[in-house]
Every structure is written in structure tokens, then in C-alpha cells.
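Sequence lines, in order, name chains W and R. Mapped onto our numbering, the consecutive letters of the first sequence carry residue numbers 57 to 200. Mapped onto our numbering, the consecutive letters of the second sequence carry residue numbers 57 to 200.
Careful, some of the hints might be misleading.
Pairs involving identical chains hold if they fit within one copy or between any two copies, as the list cannot separate such chains.
To be verified - The calculated SDA-like cross-link candidates involving lysine to any residue, where the alpha carbons are at most 20 Å apart (straight line), are:
hint, residue 1, residue 2
1, Lys154, Gln127
2, Lys154, Glu179
3, Lys154, Glu101
4, Lys154, Val178
5, Lys154, Gly175
6, Lys154, Ser174
7, Lys154, Leu129
8, Lys154, Asp173
9, Lys154, Leu63
10, Lys154, His140
11, Lys154, Arg191
12, Lys154, Leu71
13, Lys154, Leu136
Derived from the structure by calculation, the hints contain no laboratory data.
2 protein chains.
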Amino acid sequence: MQAAVDLARQQGVRLTPVRLRTLEILLETHQAMGAYEVLERLAAEGFGSQPPVAYRALDFLVQHGLAHRVQRLNAFAACLTPGHDHAPAFLICRSCNKVAEADVPAIRDAVGQAAGDSGFSVERMTVEVLGLCDRCAAGAEVRP
Amino acid sequence: MQAAVDLARQQGVRLTPVRLRTLEILLETHQAMGAYEVLERLAAEGFGSQPPVAYRALDFLVQHGLAHRVQRLNAFAACLTPGHDHAPAFLICRSCNKVAEADVPAIRDAVGQAAGDSGFSVERMTVEVLGLCDRCAAGAEVRP
DNA sequence: ACCATCATGTTATAAAATCACCCATGGCAA
DNA sequence: TTGCCATGGGTGATTTTATAACATGATGGT
Ligand SMILES: [Zn+2]
Ligand SMILES: [Zn+2]
Ligand SMILES: [Zn+2]
Ligand SMILES: [Zn+2]
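All chains should be modelled from the sequences, with the hints used to inform the complete structure.
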């Protein structure tokens, strides 16, 4: 959180109230959230109530490495290690929907090499893994 | 294509006209296509004209490993090596939108290991790489 | 022929994302 | 100061993507 504030100052970008609050929301509910879910919270707190409000704030956060977009879930999650320029793999539990962020440098290397072979220049990558988290694998499936 | 037919027969699933035609469409336009784009083609050829028609056919293809869903583009692409049970990485050119499918077993290993460390059991994974293809990197950017 | 199952089609609706526009703020140069 | 411009935030309307709910038609075994 504080890291985010520092980062913004350092990059010379404006971490305005909506943006800050959006990041806090993502952090509070340490789960991936849909844009409309975020919007609902924002609206309830006196911010704008229309989709663009949430999308703009979320886009900003993603743009500046403070959050990630989890395509598979159509959702967003706060970055756990911002300012680190990483290629995280998202471990998405299909039962409880929890998202863990695993940093696996080996992936970046492997992909970089494979891409390089075909002349493709890598700019960004997303790795999303679907499966069962330890909790759900052990106990009963939460949401069958 | 023939591979798909064989595969279906072998799996005992029915590769019906809509499904077959959908796969052909994906193969013809060797690009990732949106569901509504596919639907348009299907409708023009006398098949149903409502969204579920396309979604069902596409879901079937994905389900049986004949096509992939490219989350980043909200699109689908025919699988280039069906029946191979692979974890492909999609190389998506942000300029011409072309999608290449690179098979990188090293990724599966790296992810599997990282996931295993945290007790997460992997079931499926998608790797999407955004960047510039060789063509676009060389010449002018097609769509700026 | 009969029934269970799967496949296709339709209408209607939900969910997600973007467009177009206006107004407020705040820095900055004339 | 004043006018200008860039940026951000707010709204209403619209587009795009996806699913729900239901009816009909085909398929295959008994
Ligand atoms: Zn991160
Ligand atoms: Zn779980
Ligand atoms: Zn494939
Ligand atoms: Zn290209």
C-alpha cells in the first residue's frame, strides 16, 4: 500500500482519491474482483456510479503495475509485489476462486526463448493456471 | 482437419455440421475470431443466427481440444496440433492481431513445480504473450 | 414403436465494456 | 490576473459479449 504511494510519487503520476480507493478495495478483499463489483463499492462511497469510473481507475492501476488483470475470471487483483516488473503466474482455484500470484522467472526465460526462435518480440505475458488450491484439494469442494 | 474428424470418431463424440463448419471457419481465417464474428458466418450459411449457436459450437471445440480460447482477445482459434494434449503459449501480435501457437513444454514443468511447492494442483493453464510478430517488427506497424 | 439423450434453434435477458459528452481542477504562459 | 490547455472524473446512452429458458428435431438403443 505504502509502496504504491511511493511508486506513484516516484513515477510522477497522480494517485487520486478514486484510484487510491480502488486499490485499497482490491487489497482489502484480497481476491480477484470484477469491475462491476469494484464499481458497486466505489458508488456506495460517494464516487461515480457509472462503469467508466471503475474501468478508468482499474486501467490506471494495471497500467502502472499496481494491479493485474485476470483474464480467465474477467477480474482484477491487486499486485502483491508492485514495482518489481515481473511475469507472475496466477494460480486460480476453480473451487473457491482464490487467486495466488506466483513469480516464476523460469517461465519468462522459456517463453522468451521459444518466442525468439520465431522472431517474435515479447512485451508482456500472462500465465493463468486453473486447478485446485491446497485447501480445496484437501477438504470438500466448496462450490461444486 | 482430417485429424479432427478422426479424433471425434475416436472419442465417440459427434462432429455435427455446425461444429464441423465452425472448425473450418476458424481454420480458414487462420486468425483468432470473436464468437459473434463466427456467428455471422454461420448465419450467412443457413445455420442458426443466435449467439448460443456459435457459443455452443465453439465450446464444444474447446472442450474437445480442437480449438483454444484466447482470453486476451476474447476470441477463439483453431488448435494447430489437436489431440496432442498440450499447454500452448499464444504469441499475440498487438499490431496485426495474428496468433501463433507455440508449444513450450518447459513452461508446463516450471509452472508445475512452482505450483506444487504451494500445494496447488494444476489442471489447465494458458499462457498468452503479447508483443510484435517478426513481420510487424520489421516493417511498419500495420495498425498503430 | 418408445423412450432417453443429445443437438439445434428461438426469444429474451444479463453482464461486461466502450462511446460521447460535459464540467471541474490545476498548472502555466501571455 | 487572465486565458489556455491538459488531465481527471462524472453522466447517459450504446455496443459488445455471454447466458438463461424453452421448444423442436434428430439419434440410438430396447
Ligand atoms: Zn504482481
Ligand atoms: Zn480453493
Ligand atoms: Zn493447440
Ligand atoms: Zn504482427
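**Study point:** Hints the structure fails to honour
**Key:** The structure conflicts with hints 3, 9, 10 and 12, although it agrees with all the remaining ones.
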